[in-house]
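Peer 1: So the chains spell out like this:
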Amino acid sequence: MSLPTYATTGQRIWYYTFRVLCGLIFFFLIAPIAVVIPLSFNAQDFFTFTPEMLRLDPDGFSLKHYRDFFGNPDWQQALGNSVKIAPVATIISVSLGTLAAIGLSQPHVPARRAIMAILISPMIVPLIISAAGMYFFYSKIGLSGTYWGVVLAHAALGIPFVIITVTATLVGFDHSLTRAAANMGADPVTTFFKVQMPLILPGVISGGLFAFITSFDEVVVVIFVGSAKQQTLPWQMFTGLREQISPTILAVATILVVISIALLATVELLRRRSERLRGMSPG
Amino acid sequence: MAKQGNSDAFVAFERVQKSYDGENLVVKDLNLTMPKGEFLTMLGPSGSGKTTCLMMLAGFETATHGDILLDGVSINNIPPHKRGIGMVFQNYALFPHMTIAENLAFPLEVRKMGKSERDEKVKRALDMVQMGAFGGRRPSQLSGGQQQRVALARALVFEPELVLMDEPLGALDKQLREHMQFEITRLAHELGITTVYVTHDQTEALTMSDRVAVFNDGRIQQLDPPSVLYEKPQNSFVAQFIGENNTLEGVVTEISGDTCVVRLDDGEELDATPVNVTKVGERTRVSIRPERVEFNKDRLKEGAHTLKAEVLEFIYMGDIFRTRLRVAGNEDFIIKTRNAPDQVRLEPGAQIEIGWLPEDCRALDAS
Numbered sequence: 001m002s003l004p005t006y007a008t009t010g011q012r013i014w015y016y017t018f019r020v021l022c023g024l025i026f027f028f029l030i031a032p033i034a035v036v037i038p039l040s041f042n043a044q045d046f047f048t049f050t051p052e053m054l055r056l057d058p059d060g061f062s063l064k065h066y067r068d069f070f071g072n073p074d075w076q077q078a079l080g081n082s083v084k085i086a087p088v089a090t091i092i093s094v095s096l097g098t099l100a101a102i103g104l105s106q107p108h109v110p111a112r113r114a115i116m117a118i119l120i121s122p123m124i125v126p127l128i129i130s131a132a133g134m135y136f137f138y139s140k141i142g143l144s145g146t147y148w149g150v151v152l153a154h155a156a157l158g159i160p161f162v163i164i165t166v167t168a169t170l171v172g173f174d175h176s177l178t179r180a181a182a183n184m185g186a187d188p189v190t191t192f193f194k195v196q197m198p199l200i201l202p203g204v205i206s207g208g209l210f211a212f213i214t215s216f217d218e219v220v221v222v223i224f225v226g227s228a229k230q231q232t233l234p235w236q237m238f239t240g241l242r243e244q245i246s247p248t249i250l251a252v253a254t255i256l257v258v259i260s261i262a263l264l265a266t267v268e269l270l271r272r273r274s275e276r277l278r279g280m281s282p283g
Numbered sequence: 284m285a286k287q288g289n290s291d292a293f294v295a296f297e298r299v300q301k302s303y304d305g306e307n308l309v310v311k312d313l314n315l316t317m318p319k320g321e322f323l324t325m326l327g328p329s330g331s332g333k334t335t336c337l338m339m340l341a342g343f344e345t346a347t348h349g350d351i352l353l354d355g356v357s358i359n360n361i362p363p364h365k366r367g368i369g370m371v372f373q374n375y376a377l378f379p380h381m382t383i384a385e386n387l388a389f390p391l392e393v394r395k396m397g398k399s400e401r402d403e404k405v406k407r408a409l410d411m412v413q414m415g416a417f418g419g420r421r422p423s424q425l426s427g428g429q430q431q432r433v434a435l436a437r438a439l440v441f442e443p444e445l446v447l448m449d450e451p452l453g454a455l456d457k458q459l460r461e462h463m464q465f466e467i468t469r470l471a472h473e474l475g476i477t478t479v480y481v482t483h484d485q486t487e488a489l490t491m492s493d494r495v496a497v498f499n500d501g502r503i504q505q506l507d508p509p510s511v512l513y514e515k516p517q518n519s520f521v522a523q524f525i526g527e528n529n530t531l532e533g534v535v536t537e538i539s540g541d542t543c544v545v546r547l548d549d550g551e552e553l554d555a556t557p558v559n560v561t562k563v564g565e566r567t568r569v570s571i572r573p574e575r576v577e578f579n580k581d582r583l584k585e586g587a588h589t590l591k592a593e594v595l596e597f598i599y600m601g602d603i604f605r606t607r608l609r610v611a612g613n614e615d616f617i618i619k620t621r622n623a624p625d626q627v628r629l630e631p632g633a634q635i636e637i638g639w640l641p642e643d644c645r646a647l648d649a650s
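In the order they appear, the protein sequences are chains A and B.
Residues in the first sequence are numbered from 1 upward in steps of one, following the working numbering.
Residues in the second sequence are numbered from 284 upward in steps of one, following the working numbering.
Incorrect hints may have been included.
[Stated by the list, open to error] To spell it out: a stretch of chain B is covered by chain A in this simulated footprint if at least three of its residues, at any positions, have a beta carbon under 8 Å from a beta carbon of chain A; those stretches are: (1) 369-378; (2) 385-395.
[What the hints assert, rightly or not] Incomplete in silico selection of chain A near chain B, CB under 10 Å: (3) 131; (4) 182; (5) 184; (6) 194.
[To be verified] Using C-beta positions, here's what the derived DEER-type ranges look like: (7) 141/A with 347/B: 14 to 22 Å; (8) 427/B with 175/A: 48 to 56 Å; (9) 175/A with 355/B: 56 to 64 Å; (10) 462/B with 259/A: 51 to 59 Å; (11) 599/B with 108/A: 51 to 59 Å; (12) 188/A with 541/B: 31 to 39 Å; (13) 400/B with 273/A: 30 to 38 Å; (14) 6/A with 427/B: 50 to 58 Å; (15) 599/B with 273/A: 51 to 59 Å; (16) 626/B with 175/A: 26 to 34 Å.
In case anyone wonders, no lab produced these hints; they're calculated from the structure.
Since we're looking at a predicted model, the values are computed, not measured.
By construction, the Cβ of each residue, glycine as well, lies at the ideal position given by its N, Cα and C atoms.
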């Protein structure tokens with residue numbers, strides 16, 4: 001959008017002010033992440049830029065923090081735990097969240113709004129409150145300090161994301177398609193997997209992605225519900241920051257940022273491709 | 284409750300009622316039987332219950348009371364996917380994530396048909412609607428008319444004996460619609476399938492059907508072949524709903540056999556056929572088709588009643604002339620005349636006398 005020739009001085013000033021404001025907001029959001037990445041290549045054990053780094057002297061940079069991350073058994077165990085917990089929590093979130101979204105999109109279900117609000121609540125209630133509640137509840141039923149305890153807690157946190165994204169795709173879903181499938185002889189289960197699921201897949205995938213990242217990044221609930229055996233990457237980073245002040249966490253942060261960007265980009269590309277393939281325009 | 288009623292009825296509704304809220308009946312006491320191979324149209328304004336009837340037949344709605352029989356067997360408790368009825372939906376309902384060929388193969392696949400047989404049938408069905416070259420495309424790459432053909436082929440590909448169509452031509456432009464009307468009736472008759480067609484378009488109903496059921500207010504008002512429906516409407520609603528129609532209101536003054544005399548509210552008299560008036564003194568609404576009005580006195584019967592009319596407007600429509608008259612206070616009295624070489628073109632302001640054969644003028648209920 002360029003400035004029209006009839007713009008007044010006020011409009012001109014606002015036009016440029018607006019751009020500067022947007023730039024500042026972007027800077028505010030991205031700067032902390034952008035700073036971490038060069039710092040993670042620091043040759044010294046400091047959290048600041050050394051004079052060598054500022055001179056772009058190759059001696060000021062090294063991969064030692066990355067080596068530490070991949071060599072240190074504490075970090076490796078944390079990585080292993082995260083990789084074991086996040087995918088399982090994601091699968092549970094996606095299955096239950098998708099079913100809930102489909103159920104709640106049926107107009108005949110009573111008290112849909114109330115049920116929806118309850119299912120979404122983990123996203124709205126302050127995390128520390130959910131965490132404390134889960135801690136007491138899981139202790140009572142013996143899930144506290146177990147692998148499945150952490151997985152279920154993370155699944156509960158991920159479900160709202162799946163419900164929201166799948167509900168959004170279902171809004172555009174043409175219910176005469178399921179009727180058509182039934183009419184042609186497909187039972188409800190076949191109809192679900194052959195007709196409904198492929199069409200709401202983009203929503204399911206983005207919901208799953210959010211659920212995965214939620215679990216992968218989560219530190220509060222896992223500290224309450226888990227035990228030392230379930231120490232995940234974010235937990236280890238938290239401890240690292242508090243106890244060792246080692247720049248290794250900068251290397252880990254960089255790796256996590258790269259993974260997140262890669263995941264988001266892959267899913268977005270997949271989603272665009274599938275939408276183009278099926279020409280998602282209403283008949 | 285199975286096995287009763289007409290033995291040659293392929294589809295039967297027996298005292299069917301439907302209510303969505305438990306209070307208001309959308310369908311009130313519906314009785315209907317269809318022989319095999321018939322093309323029946325359910326015609327009516329929106330909210331008249333016609334689509335609800337179709338949905339009950341397809342199994343997407345359940346009847347509150349009564350039985351729906353298919354080939355003599357009650358299908359009330361059979362779920363939609365076990366009824367084996369083909370259906371063309373209003374918005375086509377093609378699966379957007381499948382190609383045209385995959386769409387057609389779907390009903391065959393769920394019937395566990397082998398791949399070679401499946402391909403064979405899909406190809407034949409696509410050729411039948413002249414869409415053979417489009418098997419690899421996706422629905423979004425087709426025009427509305429092409430999607431319509433595919434939807435039709437998909438409803439027929441598994442060879443159902445009964446096919447339902449829910450306003451399938453509503454979204455097409457006029458020319459394409461007329462072409463598809465012809466195409467659908469041709470296919471239905473060639474394949475010998477029984478068809479229930481729902482529409483609110485009366486031209487479609489008249490041109491396509493063996494019989495038309497006119498719905499209003501949850502009831503069938505008249506169930507007859509198109510020509511009977513148009514020429515011999517049984518009540519005012521049908522007369523008004525089907526085709527163009529002139530109405531005049533008055534009181535019956537004389538009934539003798541199959542003719543009666545009606546005195547209009549301004550005192551003039553006319554001849555009519557009594558349809559649902561039975562006694563002298565009853566109020567009635569007479570109905571006369573615009574093309575059956577005669578203003579050449581020589582062509583009327585000796586002693587026939589005529590009415591004074593004033594020409595208000597003359598509209599040239601190419602093949603016909605449409606003239607608007609004031610007759611007995613009604614300013615919307617239309618007559619249609621063919622554009623023949625010797626046809627008189629009436630000038631606005633002219634005073635004429637009009638009349639008709641008593642059998643073309645029907646005295647109906649005044650409601």
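Peer 1: Look at each hint and say if it fits the structure.
Peer 2: Now for the hints, and whether the structure bears them out:
Counting residues of the segment 369-378 of chain B whose CB falls under 8 Å from any CB of chain A gives 9; the rule of at least 3 is met. Residues of the segment 385-395 of chain B with a Cβ under 8 Å from some Cβ of chain A number 4, which satisfies the need for three, so the listed coverage holds. Contact between residue 131/A and chain B, as hinted, is not supported at the beta carbon level, the nearest pair being about 41 Å apart and thus beyond 10 Å. Below 10 Å, beta-carbon pairs count as interface contacts, and residue 182/A has one with chain B at about 4 Å; its hint therefore holds.
With 10 Å as the threshold, the beta carbon of residue 184/A comes within range of chain B, its nearest partner Cβ sitting at about 4 Å, so the hint holds. Hint status for residue 194/A: holds, given a least beta-carbon distance of 7 Å to chain B, under 10 Å. In this structure the supplied range 14 to 22 Å is violated for residue 141/A paired with residue 347/B, their Cβ-Cβ distance being about 47 Å. Range check, residue 427/B to residue 175/A: Cβ separation about 20 Å, and the 48 to 56 Å hint is violated.
For the pair residue 175/A and residue 355/B, the supplied restraint of 56 to 64 Å is violated, since their beta-carbon distance comes to about 32 Å. For the hinted restraint 51 to 59 Å between residue 462/B and residue 259/A, the CB-CB distance of approximately 57 Å keeps it satisfied. Distance hint for residue 599/B and residue 108/A: a CB-CB separation of about 56 Å, consistent with the stated range 51 to 59 Å. Taking the beta carbon of each, residue 188/A and residue 541/B are about 58 Å apart, not inside 31 to 39 Å as hinted.
Checked against the given bound of 30 to 38 Å, the beta carbons of residue 400/B and residue 273/A, roughly 33 Å apart, stay inside it. Between residue 6/A and residue 427/B the beta carbons are some 42 Å apart, a value that contradicts the proposed interval 50 to 58 Å. Between residue 599/B and residue 273/A the beta carbon distance is about 58 Å. The supplied range of 51 to 59 Å therefore holds. At roughly 54 Å, the beta carbons of residue 626/B and residue 175/A sit outside the given window of 26 to 34 Å.
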